[in-house]
Amino acid sequence: MLEFAQETKAQLVRWMIHLRREPFNMAFNLLNPVILLIFMGGAFQGLAQDSVGGDYRAYLLPGVLALTVFGNSMAGGIPLLFDKENGFLLRLMSAPITRVSILVSRFLAININTSLQCLIILGLGFIFGIRIATGVGGVLTLMVIGLLLGFGVTVISLILAFILENHGDFFAILGISALPLSFLSSAFVPVDSLPVWMRLIAWVNPMTYTIDAMRSLILSGWHGSLLAQMAVALVLFDGAMLWFGAKVLRRHLA
Amino acid sequence: MSNAVIRIENLTKRYGLVTALDDISLEVERGTIFGLLGPNGAGKTTAVKILTTLARPDGGKIEVIGTDILKDPVRVRSLIGYVPQELTVDPYLTVQEHLRYYADLYHLSAVGKDSRIREVLGLVGLAGYENRRARYLSGGTKKKIDLACGLIHRPPLLFLDEPSLGLDVQARRDVWSYILRLKEQGTTSFLCTNYMDEAERLCDIVAIIEHGRIAVIGSPAQLRSQLKRDVISIEIASADEHQRKELEVLEKAVSQLRIVQGTVKNGTQLKVYVESNEIALPQILQSAASLSIPIRTITYSRPGLDEVFLHYTGHPFADERKIDA
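Order-wise, the sequence lines are chains A and B.
Counting in our numbering, the first sequence runs from 1 upward without gaps.
Counting in our numbering, the second sequence runs from 1 upward without gaps.
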């Protein structure tokens, strides 16, 4: 157990050094959510105010948070793919480490990064006058929901890192996954206002339940039913991804 | 009791229809430098990947430091060092951070970790580079980081896949001297190379591998002496059409001589394999004079490993990346 902690910590420290020494990377990652919040929030404020029943930026905030979690988690496997391409990963595997430490350290690094970004976005929301209805407890719960969503998406990303042959394919998948999934959820507009076929997809999209629960915490207060729906949806999603990921990754990390 | 740190019996590895390693058996003695010599694609890296537990064999039995690699791969990993062919440094990390990283992956205790890092950095000539980021270092220095990382846990057995690939002359010599220093300290090295001079300079035992099969194993001296022949190299002034034709004529003429065992033409150079330099040299010079073919240089030597390769495989070594050192 001590050895597992030592090797996981060593790998996590490496990822944190990357984060510290490439601050522009995080800045660029933040660019999309910030643009959405400031510009899209501003542009549709007047138009959408009636249909969402209040401040559109506040309405948009949970969608932006979920999108940040999704984008970061989905991209989280890329450094491992680079490690695979340049031989670093193979060398790492020649050390007497538990293979799971590679995944755990990467998962922790992604989620530390994502949590920091979410806090920055919440801070930005605060500047625009958005107050979290559920207070500090709500902020902490938002973070936990982010982790729950991030877990399953990270597993998908790690699977892609191991099964894809080059990072070009990875970037292509990354580029086409985030935005459609956001539109097929309650990120920008209420699900009820979507066309029927989009609504059907939104109902099976875990992002929808994540965003609905986050939105209630930000706009109105604690809603047990929405939190329970989110918990069930994300536990099912995470469980399914973990089951599938374990099958695939066991082969690649033998 | 055998002194072998690696024991391979009937190792076979296939990738689809391609047989990468075909029924290989060999032993590596403790405290030696063992070289697997062969051209690109001969199966060297596949062999190292299997021995370092990074790939599974399709057949055969392999023991590394008395441990079956399939039964207890984790123990094997803890006992070996591995320096791959590619540079595997992380551009964001400093030299010291690399060493700390690998020290933790090999579970070194906190006590003595720093002193071991200093010791290894000193060994590979990286003292003073501790806080430099890998991104800003030369290829040779990066290779030294790779080597240092492979040594951090004092492995009794070190695997080096093409250790001097892509290095300049000085860095190459430095790496060689570190490998020899490790031998003095009792470390066994298993080295893959496609450089004849590297194998000749470093290795106690060389196995020549081609198409996944071991053609011959022995010390460089043994392999050379088994050939019982000398080499005469003839060089013409230029590679123009006329002179190339003359070289062809000369090749035909010397091939007729009874003392000549074989010839290999390469650009402006003709290698003639003979039983004895002393007898053959005047005869070859006489042939050239009678044909009025101008020779720029003519040298003779004992055979090198390239001649050994030619002898055992039937064709010259495809050494496209040969560098002068």
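One or more of the hints may lead you astray.
[Said to hold, decoys possible] Using 30 Å as the maximum straight-line C-alpha spacing, the simulated DSS-like pairs for lysine-lysine come out as follows:
| # | chain 1 | residue 1 | chain 2 | residue 2 |
| --- | --- | --- | --- | --- |
| 1 | B | Lys-113 | B | Lys-142 |
| 2 | A | Lys-9 | B | Lys-113 |
| 3 | B | Lys-61 | B | Lys-71 |
| 4 | A | Lys-9 | B | Lys-61 |
| 5 | B | Lys-113 | B | Lys-61 |
| 6 | B | Lys-245 | B | Lys-61 |
| 7 | B | Lys-265 | B | Lys-245 |
| 8 | B | Lys-61 | A | Lys-247 |
| 9 | B | Lys-271 | B | Lys-252 |
| 10 | B | Lys-183 | B | Lys-71 |
| 11 | B | Lys-71 | A | Lys-9 |
| 12 | B | Lys-183 | A | Lys-247 |
[Stated by the list, open to error] Ranges of calculated distance between the beta carbons of each label pair, as one might list FRET restraints:
| # | chain 1 | residue 1 | chain 2 | residue 2 | range |
| --- | --- | --- | --- | --- | --- |
| 13 | A | Glu-85 | B | Arg-181 | 40 to 46 Å |
| 14 | B | Glu-119 | A | Asn-32 | 58 to 64 Å |
| 15 | A | Ile-35 | B | Gly-59 | 26 to 32 Å |
| 16 | B | Glu-130 | A | Glu-85 | 39 to 45 Å |
No wet-lab data here; the hints were simulated from the structure.
These numbers were taken from a predicted model, which means no experiment stands behind them.
Don't be surprised by glycine CBs; every beta carbon is placed ideally from N, CA and C.
Hint check results:
no. : hint                             : result
1   : B:Lys-113 - B:Lys-142            : holds (21 Å)
2   : A:Lys-9 - B:Lys-113              : holds (16 Å)
3   : B:Lys-61 - B:Lys-71              : holds (11 Å)
4   : A:Lys-9 - B:Lys-61               : violated (36 Å)
5   : B:Lys-113 - B:Lys-61             : violated (36 Å)
6   : B:Lys-245 - B:Lys-61             : violated (53 Å)
7   : B:Lys-265 - B:Lys-245            : holds (12 Å)
8   : B:Lys-61 - A:Lys-247             : holds (28 Å)
9   : B:Lys-271 - B:Lys-252            : holds (12 Å)
10  : B:Lys-183 - B:Lys-71             : holds (28 Å)
11  : B:Lys-71 - A:Lys-9               : holds (28 Å)
12  : B:Lys-183 - A:Lys-247            : violated (43 Å)
13  : A:Glu-85 - B:Arg-181: 40 to 46 Å : violated (33 Å)
14  : B:Glu-119 - A:Asn-32: 58 to 64 Å : violated (48 Å)
15  : A:Ile-35 - B:Gly-59: 26 to 32 Å  : violated (58 Å)
16  : B:Glu-130 - A:Glu-85: 39 to 45 Å : violated (28 Å)
Checked against the numbered hints given earlier, this structure breaks hints 4, 5, 6, 12, 13, 14, 15, 16; the rest are met.
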